[in-house]
Amino acid sequence: MKPKVAFFEFTSCEGCQLTVLDTLQRHPELLEVIEIVQFREAMTERSDDYQIAFIEGSCTRPSDEEKIREIRTQAQIVIAVGACAHLGGINAIRNRMPLDDVREYVYGDKKDWFETYPARPLSAVIKVDAVIPGCPIDRDEFAMAVTHLLQGRMPAIPDYPLCIECKLTENVCMFLRGQTCLGPITRAGCDAICPSCGQGCEGCRGLVPSPNLGSIKEALRERGMTEEQIDARLSLFLTYQTMQMDGVTPA
Amino acid sequence: MKILPKHSLKAWVERLRATHRVVAPRETYGQYIFEEIENADDLVLDYHTSVLPPKKYLLPPREDLFAFNAKTMEMSPLIEEIQPTVIMALHTCDLHAITLLDKIQGTGHTDQHYQARRRKTTLVSIECLKPCMDHAFCKSMGTLAVPEGFDVHLTDLGDRYAVDIGSEQGEQLIEGLSLFWEPVEADYDRVNQVMAGKWPNFDYRLDCDVTDLPDLLAASQDSALWDEVGDTCLACGQCTKVCPTCYCFDVLDEIDLKLEHGKRIRVWDSCLIEKFAVVAGGHNFRSSQARRLRHRFLRKGKYQFESYGLLGCVGCGRCALSCPAHITPIGLLNTLAERRRPATEEASSRS
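Protein chains in written order, with UniProt numbering: chain U, 1 to 251; chain W, 1 to 351.
Please note: incorrect hints may appear among the correct ones.
To be verified - Partial chain U-side listing against chain W, Cβ under 8 Å, derived:
1) Thr23
2) Gln25
3) Arg26
4) Glu29
5) Thr147
6) Gln151
7) Met154
8) Ile164
9) Glu170
10) Cys173
11) Pro184
12) Pro209
Don't read these hints as lab results, they were simulated from the structure.
Each residue gets a CB set at the ideal place from its N, CA and C atoms; glycine is no exception.
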């Protein structure tokens, strides 16, 4: 029997689900092995009878929590899809600023009309069984994650830094070009797509298990980055994780 | 020895291309990578170092081991029969590295995949007359001269190459070709001149004698330097990817979505990565970055020497070049040597 699968989204651009759609086009056999019962971006039918939930997006307001918990209760397996669900994503940049200022900046004098709180990854709200990282996720990694689930195991993602993959593609190291890169502290799995296109890594796949932040900051300083620029660089995708490392978790 | 006039080099390579895949360093964005050349004009013999060492043609970063069918439980080995390949312009450090890999892959459980590629590969090396880059310390490691068991070795004499043939496989690359001349007396003189003149060009070096390296490392197991350097190490693993003698691999299974057709593959691993020494149950035998770093150095400078009689470092300097935290073998080993010295002197003055 094919496992029943549902897709959900919270605060996100839904680009990861678009990538899932693209994966379905590239691997149509996916539909032979799973049954999709809910996928707002792709189909009208909708059922709440599912075993596997793929959730995109971060949790950015208290009222999201209930819905997220509901999914957790129904699904046997919950997978966080993409940087927002995995890391809080770019939504978490605001966590380093006073929330009231942020609300005023976005909503002006209507700021009290809208509910919000510091952005957080799914794992801050419920137990997450596995993640498919990235902004957006990688197509092949999604297909591989499904393969692993069908085998009865949790999706395995790389636990080593991007430099490993980047070196194997024989890219010119961004540091040797005099540019900057978060490759040494970022989880691999994207095949070094940004450095391969001449752009340093921004860390969208999150930190490796034991990142040496002191040393990467030193490497960035050496390439002429100021402390402010370094903080900014580490906040695009890594705000929640770096704040957590500093012992700060939003209420 | 034979002589190949430089103007005949391209003609030789074109002849080789008729029967072989010819691989050589190619410039790309200011660095060099080994690639198959499509045209003899692309050939470069004078290059700084390559990003990945030529070992990638013998031990690919990702290699199929066998195929299986999970429904019928059948399996079949996947040993790629490569076409005859010539790797051109290897620096002698890389040649020494392959000598070590040959020994490792040919001892005990011989690696069939490596052997299959190695059998079909002929190596054309080139004498290094000046350091290929600042970080190269080949002279200290004894790899600045061609090792035994080379195939064809070229020495640049200005308008011509001196061509030494070291094996039957090498002989076959030049056999019957009128492009190669017999040397005259003056050629031998020039070889001697070039060879004598090159050594002073290499001044970046180890402060201790290379034969002392295993002892130095044994005596430095508890050095505080490992923690100091471990603190700066990013654990990015680049040093192990670019190393011409690293051969550790991880084994993975891949299967299609219908869970039927699969492959077991191996991929290059890295001892600097946190998970490398984790065993079932979750225990990590090398739990700190300092220990992982120390392991890498001891392996290169001590363990491999004890197992195979050859050092695991050939002084190519690639790891130093690629390290974003500027950790260099010369810096680290010289510091160890320097820190040992006062202690030794103290000990000898006591006795």
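Structure-based check of all given hints:
| no. | hint | in the structure |
| --- | --- | --- |
| 1 | Thr23 | 11 Å, violated |
| 2 | Gln25 | 14 Å, violated |
| 3 | Arg26 | 11 Å, violated |
| 4 | Glu29 | 5 Å, holds |
| 5 | Thr147 | 6 Å, holds |
| 6 | Gln151 | 6 Å, holds |
| 7 | Met154 | 15 Å, violated |
| 8 | Ile164 | 5 Å, holds |
| 9 | Glu170 | 4 Å, holds |
| 10 | Cys173 | 6 Å, holds |
| 11 | Pro184 | 4 Å, holds |
| 12 | Pro209 | 6 Å, holds |
The structure shown violates the earlier hints numbered 1, 2, 3, 7.
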